[in-house]
Amino acid sequence: MDLTIIKLYDQEDEQKIMSVVDEPLYPIAILIDELKNDDIQLRLNSIRRLSTIARALGEERTRKELIPFLSENNDDDDEVLLAMAEELGGFILYVGGIDYAHVLLPPLETLCTVEETVVREKAVESLCKIGTQMRQNALVEWFIPLIKRLGAGEWFTARVSACGLFHIAYPSAPDHLRAELRAVYKQLCHDDMPMVRRSAASNLGKFAATVEPAYLKTEIMSFFIHLTKDVQDSVRILAVEGCAALGRLLEPQDCVANIVNVIIEFAQDKSWRVRYMVANQLYDLCEAVGPEPTREELVAAYVRLLRDNEAEVRTAAAGKVTNFCKIVSLPLAVHSILPCVKELASDSSQHVRSALASVIMGMAPILGKEATIEQLLPIFLALLKDEFPDVRLNIISKLDQVNQVIGIDLLSQSLLPAIVELAEDKHWRVRLAIIEYIPLLASQLGVAFFDEKLGALCMQWLGDQVFSIREAAANNLKRLAEEFGPEWARQHIVNQVLEKINNGHYLYRMTILNAISLLAPVMGADVTKEIMLPVVINAAKDRVPNIKFNVAKVLQSLIPVVDSDVVDKIIRPCLGELSEDPDVDVRYFAAQALQSCDQNMST
Amino acid sequence: MVISDGNDGREKPLLPSENGLLSRPLEWKLSQVFGECAAGEEVQEVDIISAIEFDKSGEHLATGDRGGRLVLFERTDGRDLRSRKELEKMETSMVLRHPEYRYKTEFQSHEPEFDYLKSLEIEEKINKIRWCESTNNALFLLSTNDKTIKLWKVSERKVKKVLEMNVDSSFHFSNGNTLGQFEAHGPVGSLSNGSTSDWIGSSTVGTFMPPSNGIPSLHLPVVVSSNEFTHVAKCRRIYTHAHDYHINSISNNSDGETFISSDDLRINLWNMEVSDQSFNIVDIKPANMEDLREVITSAEFHPTHCNILAYSSSKGTIRLVDMRQSALCDRHTKLFEEPEAPKSFFTEIIASISDLKFSRDGCYMVSRDYMTVKLWDLNMGSAPVATFKVHEYLRPKLCDLYEKDAIFDKFECSLSGDGSRVATGSYSNLFRVFGTQVGSEEATTLEASRTPNRRAGHPLQNSGRNLIGFGRRTGGKGSDVDMNGGYSFSSKLLHLAWHPSANLIACAASNSLYMYYA
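In order, the protein sequence lines correspond to chains A and B. The numbering of the first sequence is UniProt numbering, which starts it at 1 and goes up by one. The numbering of the second sequence is UniProt numbering, which starts it at 1 and goes up by one.
Here chain B stands alone, though its shape is the one from the complex:
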């Protein structure tokens, strides 16, 4: 097993290595599980994970859920958390170590709201999370629901206690006037925000007397820090009232200063520091809504070129926009489109791109539509470089899927740090990993469960790029089985993320977070 350092092959990730050897398919193993349901436990709707994102270094992972919460995880391996002895003992196994995470903190990012003007309920569900540059040991991230984007700062603070005050709180009450709620007061107070005490301000007290013997001398409050840490999440900015439709993506710019947010018809450009103003840069709303032919499904900034962004549409096209050309970017610089395919009632629906990602070097993009993952070379708009079929066995069932609305499910995709593989989700909590290098036949199917390779013998496993067959599942958990040829459309794996440098995939199956390494 090799742990990629993220720089390996970054220059030309998609070319066969010089000696002609392809990296072998990875063997995936379970690393960690968070939030697994106990047997018989009912999954709460609010706990279902709706967004996953690693930060740039891979040191942190954030998940958002339908209840509007953000949960943060931090990497534990290779940190100074173990004793020296332990580290020494582990030294032999060091080489094999893969990233491991632990729960760091969680907080409520969004609350359900009601737009009274439009008489519209706004769900608290987190649609997207993006990490920003961290400073001063604090983490910054953007999170969005359908309408409102928030910038969060999560910092670690030592618990501080204010020890001495000039005016002891006990002096504030004349005898017999002590109210119940103040009774428990000692001179020592501690509060989580690290800068306050629980000493009750004199303004809140009805009758108080200064100490009869006066104040001998002035001194500053003595603050003592303990070794305990608390995590404080603070909302720094709220970017709101800029979207008429539901926000489907946010993406920050490499300039560290701006980010975009896109809804069905428009893309807005924001400055991180300015929350009351944004610029509309793409607007595809037709003068007459009856002429509406496509919607924006996802938008993403180029990882290094601050002026380039790409957005995908429900028609399966990707448009590249150069913000240098003009202030309004309604006209694209480059169009990425699959050559005309045979039409059927469903082709338009399944062509809709549900996710779009740049490779780390910015030379390639991957897009996910309902049936496939496509790899695009930024220099070639005429056709994708490669197309990976995710669950071709569903093709005869499209009618069924349409009736169940499952055909509108939005699966995400994620490239590995070196760009040599792409992962994406499917039904029955399955996800697939494809090799993107030329000539690679790698096409692994894994299940988000404690035994990811349980399906190794399954026909899906052997079918690579040219997979056509579909299979019938025979085993599995009872709850998974339904009437759809053994595949459960309700347990879908929509959200997953690949660690930026290591071969580690974090994926969400309902309310559980599974991590696999190779």
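So that you can see chain A by itself, here it is in the shape it has in the complex:
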């Protein structure tokens, strides 16, 4: 028994601890008693240690006492119930192995009926976990009756939970029980409560995967068709979600006959939420459907969604445009999808354009160089001039995909103004986003272009008003140095950065110190010692304490970079001075840095 892990309370009294340790049952006793404590944290703690309690009690007492006790304990706080549902999922070990797994079902059954969704879902998950390990006869004897009880439960919560259990028991059930289970499921699909029908719809795919093909084509499909005609939008939405899963299970011709038609109908559903779901699922379904002709039909449905009245639907559809082009033939893509893409590029909704911009670059490799230049380039350029920053950012973020196909030159003319504008956007989050893409841009555009056009921008950000931007700018310099190499960095970055240490405002000087500590590892010992270290040492005489303790921090970070004699001759004396500074923070960080010096020496 592992008893040493028990949490001890109020450990001020030495003697008390000793006596607790002397009495091995005592901590367990406390743990058990706290299952009923007033304080939810203590109850939660006890529930999380259920396995410890179970081991202390032994398998038999766990089965006969602990589990029944837990079954009663169903009106606790949600958090406690959630923890209990989770713990019980892995409890087979503690009740005596697989042969006794069924004793765990009653408490979980109760938890399947509570009103809090997350608890029920966890209980269902744990039941599934246990069910998959149970022997066939145990499933028949215990698990299937449980499904039937829940499925006929008085409250909808039980019936909602029941839907998620069928796929566990069905494969093990003998024929007559299988028929019964299918009948129960049918009932659930026809339930009065929309919540239950929703659960039946969302679990149908899982259940269908376990059902024999003969019944799949008849019964399960009839459940599915019934759910697709539900009056509640929320049910139909979930039925759509299951389409692709069902489609994969069926033979292609059945899939075409049953599912594709339903999907096409859904694509014209009155409810935009249903169409939205179709737009999201259509690609998966197309994957599931093999033959070309059906694809043509689905593409027609897809094109309609791209031109939907509702912006939300267009947004969802636009986000899939590249994936869709991948699976249809090139002529079809050029002929039917591309015209829509052009329309979407000037859509009235910024979200649609933004979704399009995030994927459209991916179309370049699919269409090839010529078509890209002819068809896509104007769209790229238009989106780069979009009034909405997100659209522009999305284009810039995927630049590499286009670069591989047509090279960057064709874009660079439009790119630069877009970047500059974003770099000076009044919203700092936009500026931050573009900074993050600078290393990517640099690698795509090449050194020459970068030096000429973007170098100045990178320096400008170091003087931004917003700290996050300055911080990102410093980090950006480091990544550029990595990209273009130390030699380039020495020429184009280091001196420019160091010049700024003379800024009149201490916050900007601090940014430079930060940049130095980031650049040093990339630049190597020599450059650090020759060029950067003197600047730092000089800054130690700054009048602002914040700068001084940051100097201490930077020096600490430089220790591993430079040689040990540099540490001894330059860094240590400087830190020594700082450690006698009147300011307490400066002394503290100087002392920390000095400690690192010592450690460095000893290793």
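In case anyone wonders, no lab produced these hints; they're calculated from the structure. Ideal placement from N, C-alpha and C gives every residue a C-beta, glycine not left out. One should not assume that every hint holds.
To be verified - Calculated Cβ distances over 12 Å to all of chain B for the following chain A residues: (1) D78; (2) R135; (3) P486.
Said to hold, decoys possible - Have a look at the derived ranges for each label pair, beta carbon to beta carbon: (4) B/E228 with A/D175: 48 to 58 Å; (5) A/P106 with B/K158: 15 to 25 Å; (6) A/R429 with B/T333: 30 to 40 Å.
Claimed, not checked - Only pairs whose alpha carbons sit at most 35 Å apart, straight line, appear in this in silico DSBU-like list of lysine-lysine: (7) A/K64 with B/K285; (8) A/K64 with B/K158; (9) B/K153 with B/K234; (10) A/K129 with B/K334; (11) A/K385 with B/K285.
With chain A held as given, fit chain B onto it using these hints.
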């Protein structure tokens, strides 16, 4: 007397019955009174009822008050509360039984708050209550004040006692160290939440020693349930920070998953399970607030179509919205509007709709404005099917009412379960019941008091749809009389609710809840 079972005539509630016979006007009798003031007792502001709502089955009734409390009542008749003998004795009168209620529980739903950002006081007054689907013998309801909506769970729990612990609390104190507050401890503790004991956790005790003779064996706490029940109300979700203006209504969707809340300018859609996010589906706020011409006064989901909702405006229009059409529902699908009426200074004010309800079958709506109740067919937007004048005698007094701000009073209306009648409130604690069936002349006036038909001889009583006259009251309680032609504008009956299946009306007169049956 016939007790409608709620299904009767639900198919076509507003058509004359096939043999051409109209149901006769109902005779209303007092059923029950809760919270009646004793003579001379001053009514506390916080006790004034501000919302009444029956649940779907009619088994429960909830009221909210200005003090932020919810009071729940449960139906007692026909339940297993009486002994068998009593039941047998009553059998003869069974047919005539009407729903009766008893106090179930009450709890504080909202507290007064202060919004420091906007420097705004938020009253605790309950604006609306809506019942949700119940599960596991627990009741769920939404309640809202001006800003915050809360989901409450009210459950009945057996009082449980934790009998045996491994470590008896008495062992926790070395001799002479027992603190006063712990002295009374026996081994038995009981607490209302049913899952705890009053055993003090070891972590709270400064010095304690394990029993010197060790713990002989481990056992689980023994819990004994008694036959006593307690009601526990627990706030499950708080939906807040979504409304810039005052919330005037909440309404749950037939999908059991979502609900809407509306304020003066916006309607938000919530998922019951998600309290930190809502979607704005209707926004009538103009770019420039000076262009503001109307505000939303009430919003309600269709009882069966999850995608349809209706909202009313201060201009007297009702807009039907189909949420399937688009994510933002600023454009309505259908507009219900009275043909242009002659204008006067007051017409716009009194046109404002204070309450809007769907009939149970969803084919009709009733709206209440200051002077009338209107019945609308969902298929006809051009004009109401019928207009019932509630207190026409006030029309010459509008100027007076305006000066007293009474013209802005928001009266509610409520349809009977079968849709054949509508009830609404008026001043002097009067309320009226109109027959909605074609050809029905039913127009009853009742007073929320122990003698509802006291005013039977009053001119109001005889004036049906075409009521024009107004009368002068002669009798009544002294406190009711003021200088307004004998009618008291301070004792107004704003809130009432019709039982979903029986002919039972619950109405609030100030702090008292009166129930009448027929």
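- prompt: So is A/P486 really clear of chain B, every C-beta pair being over 12 Å apart?
  reply: Check passes; 48 Å lies beyond 12 Å.
query: Does the structure keep A/K64 and B/K285 at a Cα separation of 35 Å or less?
result: violated (64 Å)
- prompt: For the pair B/E228 and A/D175, does the Cβ-Cβ distance stay inside 48 to 58 Å?
  reply: holds (50 Å)
field: Beyond 12 Å from each Cβ of chain B, as asserted for A/R135
entry: holds (29 Å)
task: Measure nothing beyond the straight line between the CA atoms of A/K64 and B/K158; if it is 35 Å or shorter, mark the hint as holding.
output: holds (24 Å)
message: Does B/K234 sit within 35 Å of B/K153, going by the straight-line distance between their CA atoms?
response: With a Cα-Cα distance of about 5 Å, the restraint between B/K153 and B/K234 holds, given a limit of 35 Å.
field: Beta-carbon spacing of A/R429 to B/T333 - inside the hinted bounds 30 to 40 Å or not
entry: holds (38 Å)
message: Hint check: A/K129 vs B/K334, CA-CA at most 35 Å. Holds or violated?
response: Cα-Cα ~51 Å, so violated.
message: Given the hinted pair A/K385 and B/K285, is their Cα-Cα distance within 35 Å?
response: With Cα atoms ~31 Å apart, A/K385 and B/K285 stay inside 35 Å; holds.
- prompt: That 15 to 25 Å hint for A/P106 and B/K158 (C-beta), does it hold up?
  reply: The hinted range 15 to 25 Å holds for A/P106 and B/K158, with Cβ atoms some 19 Å apart.
Assertion that A/D78 lies outside the chain B interface [Cβ separation over 12 Å]: violated (9 Å)
Figure legend: structure checked against the earlier numbered hints; hints not met, in rising order: 1, 7, 10.
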